[in-house]
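Asker: Here is what each chain is made of, one letter per residue.
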Amino acid sequence: MNRDDFPLLSDDIIYFDNSATSLKPKCVIDKMVEYYSKYPANAHRGDYDLSYKVDQEYEETRELVKDFINAEYLEEIIFTSGTTDSLNMIINGFFANLLEQNDEVLLTMSEHASNILPWYNLAQKKGIKINYVPLDNNYYLTMDNLKKTVTPNTKVISIAGITNVIGDIRPVKEICAWAHENNIFVILDGAQMVPHVRVDVKDLDVDFLAFSAHKMCGPTGVGVLYGKKELLEHLEPTTLGGGMNESFDNPYEVVLKELPTRLEAGTRNIAGVIGFKEAIKYLNNIGMENIHKYELDLRKYLINKLLLLKHIDIINIESDSGIVTFNVNNIFSQDVAYYLNKYNICVRAGTHCAKILKSSVGVSNTVRISLYFYNTYEEIDNLVELLSNYDKILKEMI
Amino acid sequence: MNAEKIRNVIMDNYQNPYNYQKKHDGYQMVNTKNNSCIDNINLYIKWNNDVIDDISFDGEACAISISSTSIMIKNLVGKTKVEALKYIDSFDKMLNCENFDKDLLKDAIVFKNMGNQGNRKICAYLPLMGMKKAILEK
Chain A
1 MNRDDFPLLS DDIIYFDNSA TSLKPKCVID KMVEYYSKYP ANAHRGDYDL SYKVDQEYEE
61 TRELVKDFIN AEYLEEIIFT SGTTDSLNMI INGFFANLLE QNDEVLLTMS EHASNILPWY
121 NLAQKKGIKI NYVPLDNNYY LTMDNLKKTV TPNTKVISIA GITNVIGDIR PVKEICAWAH
181 ENNIFVILDG AQMVPHVRVD VKDLDVDFLA FSAHKMCGPT GVGVLYGKKE LLEHLEPTTL
241 GGGMNESFDN PYEVVLKELP TRLEAGTRNI AGVIGFKEAI KYLNNIGMEN IHKYELDLRK
301 YLINKLLLLK HIDIINIESD SGIVTFNVNN IFSQDVAYYL NKYNICVRAG THCAKILKSS
361 VGVSNTVRIS LYFYNTYEEI DNLVELLSNY DKILKEMI
Chain B
1 MNAEKIRNVI MDNYQNPYNY QKKHDGYQMV NTKNNSCIDN INLYIKWNND VIDDISFDGE
61 ACAISISSTS IMIKNLVGKT KVEALKYIDS FDKMLNCENF DKDLLKDAIV FKNMGNQGNR
121 KICAYLPLMG MKKAILEK
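First to last, the protein sequences are chains A and B. Taking our numbering, the leading residue of the first sequence gets 1, the next gets one more, and so forth. Taking our numbering, the leading residue of the second sequence gets 1, the next gets one more, and so forth.
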């Protein structure tokens, strides 16, 4: 759907790497060009019309994001450079101060590097413990396994809403309800979730949420850190500098601004934030429910076709998102990706930044198809036709 | 070499890689990989002073990287450090469309066209990067 809105799709390209980043509709590109062409001033700075215009445009995005995830307050929306930045701020600005030696964080083996490496760092520096909830036979996170892994020392659960290799949707609402009964915080890595399904932070009751604009038709270099206001008040800035301070007469008399500005030091990615606004409007116009339903229909169509190919081993036959991960028998995933590239089909090969998942799945590298609403049944037909001929893959992969 | 012959040499070295095995005692081990893809190869080199007595390898990599490693090993065993560096230099020149020594590279000339494919150029060069590292570290 909506293919005419995407300049790249006028070329003969089939783009199936949407978990890495999404394509950008013309309205987002145009909005960024508008900023750079018509009011390229800094935000929160000047008393002149151009700067005031920038403030308006920038803050309108915050309002749209707030409504998009149904946050309670504008102050709960912090603009960052992306999910990685958001997660690092949450972990280093909040949990680094809260957690003590032997306190535990609960992760899973299918988390993205961005939700593992900052915790490794904290484990090294503060002696916190990292525990992993075992995944079930489908590599899903279940409530039973989660409850079994929690100990009296567990202080925080940090998980992706949708994982980027398996594509399962985690029972976030149930996890939050149970975690909060047990005084455990929940961080939601929404990088693969917010672009594809409706996320309502009040309904889910998550404490923190991180996501990126570029995976949801927005610009690169923009992300969102959501936190409950009472928690964000205690999140210490990990970056200090311009824009976020009230006064700094000497090292002992530094006064910072209120939320959200306190956590947005320096000149932000203004063009990106303003462009992000158009992306949210765009997704709202299509409707997140429609996007999710269409992706599931596409996925089912793809899976049913791949299941007929004996030389294809699908890692995640069952999944609730548009992610399909597979291997072609005895062919290295990267060679499959190169083969498809010859036909202008973009897919990802590798570990997909979930490098510790391989010990659970038993396969280190895979080919990943990740769908979005602008993909079509015809594109899937083209892909499956190319994958159906094993000898052709073998012949043309080099 | 025609396209069919090139393909056969690459596939033969990919499907039956020469000296694909891990080695331990008496071997220098170097790992070679790059940031832009998932190829990951360990080279195991046995030296007799400045002469390469033996090379073997293991790891996970694409058809181009595996076959380039296999061919490199066939070409370098018995060579001195200086000769190995000349081989690496010639391979580098071939990938960059400069004049190179065909006699030195032997079957490795099958990778000549990889120089025009940015994303596969590094795959072909990967084992040579490792070998260069091994020589410099020795």
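Among these hints, one or two may not hold up.
Covered stretches of chain A (in silico footprint by chain B; criterion: 3 or more residues with CB under 8 Å from a CB of chain B, positions within the stretch not fixed) [said to hold, decoys possible]:
1) 51 to 59
2) 174 to 187
Within a straight-line C-alpha distance of at most 20 Å, the following computed SDA-like cross-link-like pairs (lysine to any residue) qualify [claimed, not checked]:
3) K395/A / N16/B
4) K392/A / I135/B
5) K342/A / A3/B
Because the hints were derived from the structure by calculation, they are not lab data. Beta carbons: idealized from backbone N, C-alpha and C, even for Gly.
Asker: Give a verdict on every hint.
Answerer: Here is how each hint holds up against the structure:
Counting residues of the region 51 to 59 of chain A whose CB falls under 8 Å from any CB of chain B gives 0; the rule of at least 3 is not met. Three residues within the 8 Å Cβ limit are the bar, and the region 174 to 187 of chain A against chain B gives 0, so the coverage statement is violated. With a C-alpha separation of about 16 Å, the suggested pairing of K395/A with N16/B holds against the 20 Å cut-off. Of the supplied pair hints, the one linking K392/A and I135/B is violated, its CA atoms being roughly 39 Å apart against a limit of 20 Å.
The suggested pairing of K342/A with A3/B holds, with an alpha-carbon distance near 16 Å, which does not exceed 20 Å.
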